[in-house]
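K.L.:
With the hints as your guide, set chain C onto chain V.
Chain by chain, the residues:
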Amino acid sequence: MVNAVEISGLSFAYNGQPVLEGVDLTVPELAFAAVVGPNGGGKTTLLKLMLGLLTPQRGRLAVLGGPPQEVRGRVGYMPQHSQVDPAFPVAVQDVVLMGRLGAGGRWPWAGRAARREADAALERVGLTGLAARPFHDLSGGQRQRVLIARALVDRPRLLLMDEPTANVDAAAEREVFELLKELNREATVIVVSHDIGFVSPYVGQVICVNRRVVSHPTCDITGEVIAEIYGREVLMVRHDHHLGCRHD
Amino acid sequence: MIEFLEALPRFGFLQYALWAGLLSSLSCGVVGAYVVSRRISYLAGAIAHSVLAGLGAARYLQATRGWDWLHPLYGAVAAALIAAALIGLVNLRARQREDTIIGAIWALGMALGILFMAATPGYGVDLMGYLFGNILMVSPTDLWLLGGLGALVTLAGLGCYRQLLAVCFDAEFARLRGLAVEGYYLLLLGLTALTVVLLSTVVGLIMVIALLTLPAAVAGHFCFRLWQIMAAAVGLSALFTTAGLAISYGPDLPTGAVIIVLAGASYLLVAGLAWVRGRGRGA
Numbered sequence: 000m001v002n003a004v005e006i007s008g009l010s011f012a013y014n015g016q017p018v019l020e021g022v023d024l025t026v027p028e029l030a031f032a033a034v035v036g037p038n039g040g041g042k043t044t045l046l047k048l049m050l051g052l053l054t055p056q057r058g059r060l061a062v063l064g065g066p067p068q069e070v071r072g073r074v075g076y077m078p079q080h081s082q083v084d085p086a087f088p089v090a091v092q093d094v095v096l097m098g099r100l101g102a103g104g105r106w107p108w109a110g111r112a113a114r115r116e117a118d119a120a121l122e123r124v125g126l127t128g129l130a131a132r133p134f135h136d137l138s139g140g141q142r143q144r145v146l147i148a149r150a151l152v153d154r155p156r157l158l159l160m161d162e163p164t165a166n167v168d169a170a171a172e173r174e175v176f177e178l179l180k181e182l183n184r185e186a187t188v189i190v191v192s193h194d195i196g197f198v199s200p201y202v203g204q205v206i207c208v209n210r211r212v213v214s215h216p217t218c219d220i221t222g223e224v225i226a227e228i229y230g231r232e233v234l235m236v237r238h239d240h241h242l243g244c245r246h247d
Numbered sequence: 000m001i002e003f004l005e006a007l008p009r010f011g012f013l014q015y016a017l018w019a020g021l022l023s024s025l026s027c028g029v030v031g032a033y034v035v036s037r038r039i040s041y042l043a044g045a046i047a048h049s050v051l052a053g054l055g056a057a058r059y060l061q062a063t064r065g066w067d068w069l070h071p072l073y074g075a076v077a078a079a080l081i082a083a084a085l086i087g088l089v090n091l092r093a094r095q096r097e098d099t100i101i102g103a104i105w106a107l108g109m110a111l112g113i114l115f116m117a118a119t120p121g122y123g124v125d126l127m128g129y130l131f132g133n134i135l136m137v138s139p140t141d142l143w144l145l146g147g148l149g150a151l152v153t154l155a156g157l158g159c160y161r162q163l164l165a166v167c168f169d170a171e172f173a174r175l176r177g178l179a180v181e182g183y184y185l186l187l188l189g190l191t192a193l194t195v196v197l198l199s200t201v202v203g204l205i206m207v208i209a210l211l212t213l214p215a216a217v218a219g220h221f222c223f224r225l226w227q228i229m230a231a232a233v234g235l236s237a238l239f240t241t242a243g244l245a246i247s248y249g250p251d252l253p254t255g256a257v258i259i260v261l262a263g264a265s266y267l268l269v270a271g272l273a274w275v276r277g278r279g280r281g282a
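So the sequence lines, in the order shown, correspond to chains V and C.
The letter at position 2 of the first sequence is residue 1 when you use numbering that gives the first Met the number 0, and the numbering goes up by one with no holes.
The letter at position 166 of the second sequence is residue 165 when you use numbering that gives the first Met the number 0, and the numbering goes up by one with no holes.
Hints listed in this document are in silico derivations from the structure and should not be mistaken for laboratory results.
Just the calculated beta-carbon pair ranges, DEER-fashion:
hint, chain 1, residue 1, chain 2, residue 2, range
1, V, R73, C, L69, 49 to 59 angstroms
2, V, E69, C, D98, 35 to 45 angstroms
3, C, A264, V, Q16, 46 to 56 angstroms
By construction, the Cβ of each residue, glycine as well, lies at the ideal position given by its N, Cα and C atoms.
Just chain C, with the same shape it has in the complex:
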């Protein structure tokens, strides 16, 4: 911890990592609150895994076509949005096959990503970095992209608060009150997709669901209005990522894993305390 505080002013990469964690916390809290209350974290899981296809394709095209402008994040955003649109359409049009199709998108995204990476010539692509995150590798260019995406997602998520709240609570009723429910549902999935991309730079694709949902789940034990959960989840997410970075730096632990352990342990602690208190009250 002390080593981290000493190193922070000296090393640019640590400052970039800190900023990446703080920037992604904004959209994490806002979108995570919707995802948890609407109970669609498994949809976010499928979107997260399909991101690998986009990352792999972008790296492949960079290497073989010389498209240097094609930052892997662009590929990730495109893949996440395509997956979100597919899942959204399946959810709206063919509910009975939903879980099978989501499972297919989940695995297909991974498979395509691995194939693209295997086909990419030159030095080995850092697959582990994509899967488990490498926040210490965030560059200033990444930071600008992350900041722009984060601002977009946060503004849209807050700007459509009333509509998204109604659609998440009771979509059929919202439709009867004249709301374009399908549009808002697809918007929510799109925002989830972008947030997944943002957070995957912090903790990687595999663990991104935990970082998306656990801060909101912890917050849900202390607040009951969606906007309060959002605010608390933003704070918790910033706390987990910053503390994870600080704790992992000295002993050289994988940062993403430390962040997830902090978030998961906090959630289990809060849920356990709530359970004990509930039993105490019941007795």
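Next up, chain V with everything else stripped away, as it sits in the complex:
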């Protein structure tokens, strides 16, 4: 079986500033993984490398068994919500249809089949009946779910989500993760999150990113590990699982 993500010896620097160094990472297919770590630690950079928006200076990176640029059609992406202008004049259904741009179509407007697909995606994220509403009329949580629908409308095998629950209250956050758990039956899900305490009941793999990358099975996550990732209480902790490395 092909792994969803396979990274070995990868390094990446912005203008000479190292952001990620010596990354080795494997995410098996149909895993549900969370990428956690402090701000500026390289979480979003790792995601953009997987999307092929950035190219590593060193190392190998395969997504769904191929180079990231070539498998984009099978990868669904949800950007950080700040990337989207919430006041933009667009209907909910048209946002979702942008997820099918790759499928083409001859006319400047979307066909009936495409609209049905978009409505089905909206139904899956629990927004049935909102297709014709303005995007800017929705609540923050509803907008996040529209962007999830846009990511999944083309039936991706890998879903990459950057902070899907930022600016959303706890109830909406739980709903989003329940939804992702359901989507995980058909697709590998990798979520960037600031809140490891919240995601741990849902995910099977936690990827800690702070210039170096260490991957844990969720069952290994303890209070000590969390404190270490965020540098709150402990500066250094020895991990006793097989990776045996420490963060710095």
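P.N.:
Relative to the frame of chain V, chain C by itself:
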């Protein structure tokens, strides 16, 4: 107003002016909706001011080289497209210096235009006409050029609706769905450049940004889909230019300025009403 209606059938120049306003309204509404929703009116501003360099260069070459075929509009189109390409490349390649470079293009275009005009021999070039517009001077030749440009811009703007909508809303996502985002962004700037040239014949270079953006901004208060905003903005733009022409004719006011006052007052009125209503709802 009544004087205008009486004069319209008698004077060709009034009919040409009316047609120029109506023709440019088409691309104004379509492109203005993209410009407003993507928030790039300051880019359109830089393109507008660089148009003067093209107008000046064309007039200069006409006068000194005897290139009579070189209509000033050709110069304007060339300058606008060059400015759009420069701004587009800066935007795509060197984001952090964007505002400085746009400011430079803005002023450089003006300066070059003024220098060309100062160097042009013969009777003084009508600088004021270029800056503040003179829709009453539109000739039948101009009208054909304007019509052709307007048709091109409108068809391209509508034909690439889905792609341009996606690029304006979330360019990075559009790229991941396999769209040639850079190409579409440059296309959008190119269409903006051509529309700026069209509208500058109506209201001049200085005020062109207002005519490009205000109809779409007013429409944005009443509709929320981009194509609806386009349709409404086309109508509003036609209304503003026609009404401006009619109102200014009798008292012999500058037409471009009257058009802009109408558009600006409508926008402020609509925005003010929306604000009052929003406060009422909030209380």
